[in-house]
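Protein chains in written order, with the numbering used here: chain X, 85 to 232; chain G, 85 to 232; chain L, 85 to 232; chain W, 85 to 232.
Accuracy of the hints is not assured; some may be wrong.
You can't tell identical chains apart in this list, so a pair holds if it fits in one copy or across any two.
As the list claims (entries may be wrong) - In the SDA-like style, the derived pairs of lysine to any residue whose C-alpha atoms are separated by at most 20 Å in a straight line are:
#1 195 x 181
#2 195 x 227
#3 195 x 183
#4 195 x 210
#5 195 x 216
#6 195 x 167
#7 92 x 198
Since the hints were derived computationally from the structure, they do not count as laboratory data.
Number of protein chains: 4
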Amino acid sequence: MQASFTPKDPDYARRVAASFARQGFMAHLGAVLERVEPGLVEIGLDAADHLSQQHGYFHAGGTIAIADSAAGYAALSLFPAGSGILTSELKINLLNPASGPRLVARGAVVKPGRTLTICRGDVYGGEGAATHVATGLFTMMRLEGLDD
Amino acid sequence: MQASFTPKDPDYARRVAASFARQGFMAHLGAVLERVEPGLVEIGLDAADHLSQQHGYFHAGGTIAIADSAAGYAALSLFPAGSGILTSELKINLLNPASGPRLVARGAVVKPGRTLTICRGDVYGGEGAATHVATGLFTMMRLEGLDD
Amino acid sequence: MQASFTPKDPDYARRVAASFARQGFMAHLGAVLERVEPGLVEIGLDAADHLSQQHGYFHAGGTIAIADSAAGYAALSLFPAGSGILTSELKINLLNPASGPRLVARGAVVKPGRTLTICRGDVYGGEGAATHVATGLFTMMRLEGLDD
Amino acid sequence: MQASFTPKDPDYARRVAASFARQGFMAHLGAVLERVEPGLVEIGLDAADHLSQQHGYFHAGGTIAIADSAAGYAALSLFPAGSGILTSELKINLLNPASGPRLVARGAVVKPGRTLTICRGDVYGGEGAATHVATGLFTMMRLEGLDD
Numbered sequence: 085m086q087a088s089f090t091p092k093d094p095d096y097a098r099r100v101a102a103s104f105a106r107q108g109f110m111a112h113l114g115a116v117l118e119r120v121e122p123g124l125v126e127i128g129l130d131a132a133d134h135l136s137q138q139h140g141y142f143h144a145g146g147t148i149a150i151a152d153s154a155a156g157y158a159a160l161s162l163f164p165a166g167s168g169i170l171t172s173e174l175k176i177n178l179l180n181p182a183s184g185p186r187l188v189a190r191g192a193v194v195k196p197g198r199t200l201t202i203c204r205g206d207v208y209g210g211e212g213a214a215t216h217v218a219t220g221l222f223t224m225m226r227l228e229g230l231d232d
Numbered sequence: 085m086q087a088s089f090t091p092k093d094p095d096y097a098r099r100v101a102a103s104f105a106r107q108g109f110m111a112h113l114g115a116v117l118e119r120v121e122p123g124l125v126e127i128g129l130d131a132a133d134h135l136s137q138q139h140g141y142f143h144a145g146g147t148i149a150i151a152d153s154a155a156g157y158a159a160l161s162l163f164p165a166g167s168g169i170l171t172s173e174l175k176i177n178l179l180n181p182a183s184g185p186r187l188v189a190r191g192a193v194v195k196p197g198r199t200l201t202i203c204r205g206d207v208y209g210g211e212g213a214a215t216h217v218a219t220g221l222f223t224m225m226r227l228e229g230l231d232d
Numbered sequence: 085m086q087a088s089f090t091p092k093d094p095d096y097a098r099r100v101a102a103s104f105a106r107q108g109f110m111a112h113l114g115a116v117l118e119r120v121e122p123g124l125v126e127i128g129l130d131a132a133d134h135l136s137q138q139h140g141y142f143h144a145g146g147t148i149a150i151a152d153s154a155a156g157y158a159a160l161s162l163f164p165a166g167s168g169i170l171t172s173e174l175k176i177n178l179l180n181p182a183s184g185p186r187l188v189a190r191g192a193v194v195k196p197g198r199t200l201t202i203c204r205g206d207v208y209g210g211e212g213a214a215t216h217v218a219t220g221l222f223t224m225m226r227l228e229g230l231d232d
Numbered sequence: 085m086q087a088s089f090t091p092k093d094p095d096y097a098r099r100v101a102a103s104f105a106r107q108g109f110m111a112h113l114g115a116v117l118e119r120v121e122p123g124l125v126e127i128g129l130d131a132a133d134h135l136s137q138q139h140g141y142f143h144a145g146g147t148i149a150i151a152d153s154a155a156g157y158a159a160l161s162l163f164p165a166g167s168g169i170l171t172s173e174l175k176i177n178l179l180n181p182a183s184g185p186r187l188v189a190r191g192a193v194v195k196p197g198r199t200l201t202i203c204r205g206d207v208y209g210g211e212g213a214a215t216h217v218a219t220g221l222f223t224m225m226r227l228e229g230l231d232d
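Produce the entire structure from the sequences given, and follow the hints as far as they go.
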């Protein structure tokens, strides 16, 4: 079902990893970049007290943050070198309580474009990451001349 | 323009503050609850390295997290006692780069309901919090018998 | 990828068709109910001058209308008898210009629920309906005691 | 609360009206362009059997169609001459049943931009159009060299 994409920059995986490493927020959460393919990125996040909402589940803010980064890097993986990225907008439905031990967010490009790239982002949690925790749609904007 | 609402629970402000204090994630970000009125809540967040994305602005995840909490507590302020709250879905447009020194998120109830409450959430940043950084719509779900 | 669902009402297909037939708006557009399975519904729509926007493509309003109905009936197909349905909210990304000769909208349940059911809705157009025209997420609300 | 905008093309109102007149879909619904100011457009729609869903209210598809057109023309009113417009994505919350005798959709620019313009769209219905029926957010894309 996932279309296969050809990256414009063969060095895409290194670029994604380097940009991810510069995101202080991802480090602060404890998020880990786990998979980078053309148009597909996964990010993992272990449960921790500092990620919780008032009932002990993951706060939606953390769930959405890793979905947003996964979707953004899925888009970036298809950009030519020398391109930056910005989330223009996102929408997410929270389907089930986000419980641990671990969340995995998967971002996937639905429609690449010169200016706008549309992505899906899905987050899985619970034992074996078998529970569909969230599903969303993201519009990513490419910025020229701003290496990400 | 903001409709005025009558809270069902006169103790609403204390309930909101107590729930906010239990959100490990808000503390971890450094977010501060600043204003609680019936159907209207504001949350502030100072810029910090641990909140940044790769270009030094606030990561969208942090911006969205405080918007989501502000919208959720705006809804909770109108619930009767003994009600919990859950974000069902949200959509947010990022309008301008989120720069410091400080973000302020304002959540406001658009349409209260027995089960679903629809809220707006707006985030302001830049000097004097004069820049409109993000605007969003949120569907909040009331859970009975689960004190928040 | 599509989960398989067991309908609560064996008569679901007849109920969906009867409700569709009462939608004056679908008839006015010329939309046709083409496929009804548990949690999955397809609606077709032939191109016509009365469906166009200013450049001759399908107006987004028509594209969204059939996506919304397909998603809503996908949800309704899983409801017990004596349930009505209401769209609570939707979000849709328009991926490609919606050209004829024909649009096909496919609604699919992502997460069924007692009160809220989350669905995807995708619209395809162009020759052989091979172009992905739109993708969206829908929150459908079940109303008890209001037969649809 | 509505920011005031200066149109780039003094002839904006004529351009909006001419584009609206080419939308076969708006005519088919019976929608009427009622107000055009810089960054603000209103469209009216009288109740009719052909606009109904299965319970006799306006079908969400019609409600959304006029909100989308109002938001799009609000954006177009600020574009320079020789610009076309496309809805990139929208999200809408349906707040109350959309009943007649008449709906009024108001589109308003939140953040103008060279490529993307973000708008709000609100729909009112019921007696005196006093009921808030829907509220949404829209991303409109400007196309150069395609007069709308």
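Comparing the hints with the structure gives:
1. Only between protomers do residue 195 and residue 181 lie at most 20 Å apart by alpha-carbon distance; the minimum there is 13 Å, versus 29 Å within a single protomer.
2. Within a single copy, residue 195 and residue 227 get their C-alpha atoms as close as 17 Å, and across copies as close as 18 Å, so both meet the 20 Å cut-off.
3. Taking identical chains as interchangeable, the C-alpha atoms of residue 195 and residue 183 lie at most 20 Å apart only when they sit on different chains, with a minimum of 17 Å there against 31 Å within one chain.
4. In this assembly of identical chains, the alpha carbons of residue 195 and residue 210 lie at most 20 Å apart only when taken from different copies (16 Å versus 30 Å within one copy).
5. For the identical chains of this complex, residue 195 and residue 216 are inter-copy neighbours only, at 9 Å across copies versus 23 Å inside a copy, given an alpha-carbon limit of 20 Å.
6. Taking CA atoms no more than 20 Å apart as the test, residue 195 paired with residue 167 passes inside one copy only; the shortest distance there is 17 Å, against 24 Å between copies.
7. Within a single copy, residue 92 and residue 198 get their C-alpha atoms as close as 12 Å, which meets the 20 Å cut-off; across copies the closest is 26 Å, which misses it.
Hint compliance for this structure: every hint is met.
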